[in-house]
Amino acid sequence: MGESTRTPELDFDVYATQTMTANNAAWDEVRTTCPVAWTPHNGGHWVISGYEEVAEAFRDWEVFSSARTDPARSSITISGSRFPLLVPEELDPPAWHGYRRVLAAMLSPQAAERLRPRARYWARTCIDGMIEAGRGELVSELIFPVPAAVTLEWLGFPESDWTTFSHAFHDAAAFPHDTPEYHAAAAATVDVMRRVTEEVEARWSDDRGDGLSAIVHAEVEGERITQEMAERMTFMTIGGGVDTTSALTSAALLHLHQHPEDRARLLAEPDLWDPATEEFLRVYPPARTHARTIAHDTEFAGCPMKAGDRVLLSEISSGRDPDAFPDADRFVIDRFPNRHLAFGAGIHRCPGSHLARITFHEVMHEVLERIPDYRIVDAEVVEYPNWSMIGGWAKLPAEFTPGPRLGD
Amino acid sequence: MRVHVDVEKCTGHARCWSVAPEVYELDDLGYNVTAVKDVPPGLEDLARKGALACPEQAITVEE
Ligand code: HEM
Ligand code: SF4
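If you read the sequences in order, they're chains A and B. Going by my numbering, the residue at position 212 of the first sequence is 212; the numbering climbs one at a time, nothing skipped. Going by my numbering, the residue at position 27 of the second sequence is 435; the numbering climbs one at a time, nothing skipped.
Only chain A is shown next, with the shape it has when bound in the complex:
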């Protein structure tokens, strides 16, 4: 099976670009050249970048499998990160179904709504920490801690774990695999798993009414969940919950600094929050790509795909496709319809999307209400070092008119 059977071939390395602008431009070039193509980089894989093609591949789980083929390496990142099995993301039906049901119930729109007061509380507390000084580093003091606090408090982890956990997931996603930061994060992941095991064991015969207890006492297809699967599902929920919502919030706060006209409209017309949130997701999707493995030989968009071939689906490129989004280059605050794929599509569609939108909204709302004139110090902004999988901002130092703390 020579490489020549896989055509058309492009010279595309998703890790080669270091900034959002460069990575977006690379995707635009790939998509305009060919919405489905093969690249020899990163072990050789298909690249799917057109909106319709990405949506179709996400939906066709029978061909585009999420299941692990190498027990040590994740199937849903193109480089095969060394994570424990992600449950339910790295399961195909029928195994996927029972685990998905458990999380879908825990994170349904109605259940997520019950966490809104906690998101508001943590957003208020974090702003209290900066507001008297009139300055603060928005990522480490607000954007990062709030989703971590909401998710980890809901699950039932003690506050002493929150910083370690969120840093481990952030650094594992943000740094390329050959950096010391990535290796440190991989080591920290082992500590996270040890803490997960301890807390799962502590609840095995003790239902404490928290999210962890709901996972530990879940029934999957009529049988009690095993300890190993409960640990994996907890790990996945933390991973899904802590670094994605923060990436979106960082992008939105920087955007409103760069686009005062959008900030003014959101302040004047709160009804715009719903379409604006979807537009932030389309233009700045935190999860930029996901990988799949071809389950059996097939032809997709005229390309011959072979069982075992790896495939990269691009959420970011799908959102920039002018065939699906008129004026795709522009941020249109009231864009409708806006069927972006930032939360994926098909069966693995993000079950945390409802909680993510709520947490995002509470943080944004608190900022615009209490420090509406915040200004970001452009010279000190730091981007994530790599935009291949997760994209956002690592540092957003800001200044604003000081105000009073609100307290509890």
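Wrong hints could be hidden among the right ones.
[What the hints assert, rightly or not] Output of the computed footprint for chain B on chain A, the stretches with three or more beta carbons under 8 Å from beta carbons of chain B:
{"hint": "1", "stretch": "108-120"}
{"hint": "2", "stretch": "337-345"}
{"hint": "3", "stretch": "349-361"}
[Claimed, not checked] Quick look at which bits of chain B chain A covers, simulated, 3 or more residues with Cβ under 8 Å:
{"hint": "4", "stretch": "416-422"}
{"hint": "5", "stretch": "428-437"}
{"hint": "6", "stretch": "452-462"}
FYI, nobody ran anything at the bench for these hints, they're computed from the structure. The model shown is predicted, which means the values in this text are computed figures rather than measured ones. In this text, a Cβ means the ideal position worked out from N, Cα and C, and glycines have one as well.
Please build the complex by placing chain B with the ligands on the supplied structure of chain A, with the hints as guidance.
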């Protein structure tokens, strides 16, 4: 006017319900359980908007 929700295609984005809670109903996992429904007079625009919002294009509107 009638709306048809293809429950096989629905994957629970709940966008239809966010935009038009008066028209679309979710089960307790957040999936649309509306199947077929006559849209009450006055809610036609909302029903159309909810259908357009669905990322899976699972909703068809029969005018
Ligand atoms: C803005 C924030 C978020 C974004 C952009 C996002 C994005 C995504 C995407 C694109 C997928 C599909 C992955 C695939 O098809 O392989 C996904 C799956 C998933 N997400 Fe999220 N996510 C976010 C927040 C969350 C939160 C807050 C949680 C949990 C508290 C979460 C938990 C999960 C889980 C468990 C899955 C796997 C679902 C399955 O396989 O059935 N996510 N997410
Ligand atoms: S928006 Fe579509 S996929 Fe989502 S709940 Fe409604 S019908 Fe289902």
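Verdict on chain B covering the stretch 108-120 of chain A, where coverage means 3 or more residues with a C-beta closer than 8 Å: That given contact holds, which follows from 3 residues of the stretch 108-120 of chain A lying within Cβ reach (below 8 Å) of chain B.
Within 8 Å of chain B's CB atoms, at least three CB atoms from the stretch 349-361 of chain A: coverage verdict: holds (count 4)
Coverage of the stretch 428-437 of chain B by chain A (three or more Cβ within 8 Å): With 3 residues closer than 8 Å to chain A, the stretch 428-437 of chain B meets the three-residue bar; holds.
Annotated coverage of the stretch 337-345 of chain A by chain B, confirmed only when three residues or more have a Cβ within 8 Å: Coverage by chain B holds for the stretch 337-345 of chain A (7 residues, Cβ < 8 Å).
Given coverage of the stretch 452-462 of chain B by chain A, checked by CB-CB distance under 8 Å (3 or more): holds (count 4)
8 Å C-beta test of the stretch 416-422 of chain B against chain A, three or more residues: Holds, because 4 residues of the stretch 416-422 of chain B bring their Cβ atoms closer than 8 Å to Cβ atoms of chain A.
Of the numbered hints listed earlier, not one is contradicted by the structure.
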